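Enquirer: Sequence:
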Amino acid sequence: MATAEIEAAIKSIPEKKESLRKALEALRSYSFASFTVEWKDLDDHISAIEKSLQERFKDLQAKEPPRAAGAASSPPEAKTTPAAAEEPEATPRPELKSLCVAMDSRGLRSFLSERRKDFSAVRNELTPAIRAASDPAKLVLDAMEGFYPPKSKGEKDGETQMIRKACVNLLERVQVIAPEIKPAVRVQAKKLAMEWKGKMADSGGENGLEAMGLLQLIVSYSLVSEFEVDEILDLLVIACRRKQTVHLCKSLGFTERIPDLIQKLNSRGKQLDSVKFVYAFQFGGEMSTSTPSESLCNGIQKGRSRNTEEGKQFESITE
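Residue numbering for the sequence shown follows full-length UniProt numbering, beginning at 1 and increasing consecutively.
Where hints are given, some of them may not hold.
[Said to hold, decoys possible] Computed list of lysine to aspartate or glutamate pairs in EDC-like fashion (alpha-carbon distance at most 16 Å, straight line):
hint: 1; residue 1: Lys-199; residue 2: Glu-231
hint: 2; residue 1: Lys-22; residue 2: Glu-38
hint: 3; residue 1: Lys-51; residue 2: Glu-7
hint: 4; residue 1: Lys-182; residue 2: Asp-135
hint: 5; residue 1: Lys-264; residue 2: Glu-231
hint: 6; residue 1: Lys-22; residue 2: Asp-43
hint: 7; residue 1: Lys-16; residue 2: Glu-50
[Claimed, not checked] Pairwise CB distance ranges (calculated):
hint: 8; residue 1: Ala-90; residue 2: Val-224; range: 28 to 34 Å
hint: 9; residue 1: Ala-62; residue 2: Glu-256; range: 48 to 54 Å
hint: 10; residue 1: Ser-113; residue 2: Arg-241; range: 21 to 27 Å
It should be emphasised that the hints constitute simulated quantities derived from the structure, not laboratory data.
All figures in this text were calculated on a predicted structure; none of them were measured in a lab.
For glycine and all other residues, C-beta sits at the position ideal for the given N, C-alpha and C.
Work the whole structure out from these sequences, hints included.
Expert: What follows is the structure, given as structure tokens:
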């Protein structure tokens, strides 16, 4: 991320704090349970994170080489939605495009795996490259074979995690391109979704990246009707820390289910994550919960010694 973007993000913190305050008050008014969280506690915590970020940013600025004369000094506008649809497209390199044209799913997966350190540069080429395939939906689906590789150590396996991130990114391209999904491909996608559902259960069912992959598969291949509402809500709870979850909620058509999602999050001690959804959906319906919110206060107190991690969580809430 360029220093100008970091500066813009830091400057946007006060506005985001105000939005978070309003969301917290909304959540308080919708809760029938004892809600003991005070805005001052959360405000103090976020302010500590903000101060830490500003100090680190000053250190970064000191190490940055001087700008050339005439260089733009004003930061770019902050992006409000990091959805794949809003990413700029770049002309794909010939090798990448040829793999897609040839419908070489294994080659495509290997190409992305080999360039995982430079994936940010490749990702903007993916949409036009996949669009060039004769059957984009099948190409991407066939590339999902590596999502659950044999002998994987799960979350502790860095290579598996990178492959899964690449797979999720490919699935997002299907949603962006919105190609024709032939009946046979949809049947194949449904079979794969059921396999992933079973493997998630076998592994304990609490891996956020696995849940994100399954949710994106459901959205990209129109499989919502194949799952129970509670199953999808549970997946959203598991993946709630990921930035894409709000976008996926909208794509799933689950806006009216947000009260149910918030209740599930609260019941599992994820009150801070529930605030994210209240904020994102401008929630205005009634919600009942029997879960007290002391865990949110406890999380804030513990987080005072973990500013970096909590800073990422605050960023996730306000995006």
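Enquirer: Take the hints in turn and mark each one as holding or not.
Expert: Going down the list of hints, with the structure as the test:
For the hint linking Lys-199 to Glu-231, the alpha-carbon distance of about 14 Å falls within 16 Å, and the restraint holds. Restraint check: the Cα-Cα separation between Lys-22 and Glu-38 comes to about 12 Å, which is no more than 16 Å; the hinted pair holds. With a C-alpha separation of about 13 Å, the suggested pair Lys-51 and Glu-7 falls inside the 16 Å cut-off, and the hint holds. Between Lys-182 and Asp-135 the alpha-carbon distance is near 9 Å, which keeps this suggested pair within the 16 Å criterion.
Simply put, Lys-264 and Glu-231 have alpha-carbon atoms about 12 Å apart, close enough for the 16 Å limit, and the pair holds. The suggested pairing of Lys-22 with Asp-43 holds, with an alpha-carbon distance near 12 Å, which does not exceed 16 Å. Only pairs whose Cα atoms come within 16 Å are accepted, and Lys-16 paired with Glu-50 is accepted, the gap being roughly 12 Å. Evaluation of the 28 to 34 Å hint for Ala-90 and Val-224 yields a pass: the beta carbon distance comes to about 32 Å.
In this structure the hint that Ala-62 and Glu-256 lie 48 to 54 Å apart at CB holds, the actual value being about 50 Å. Roughly 25 Å separates the CB atoms of Ser-113 and Arg-241, a value that falls within the hinted 21 to 27 Å.
The structure agrees with every numbered hint stated previously.
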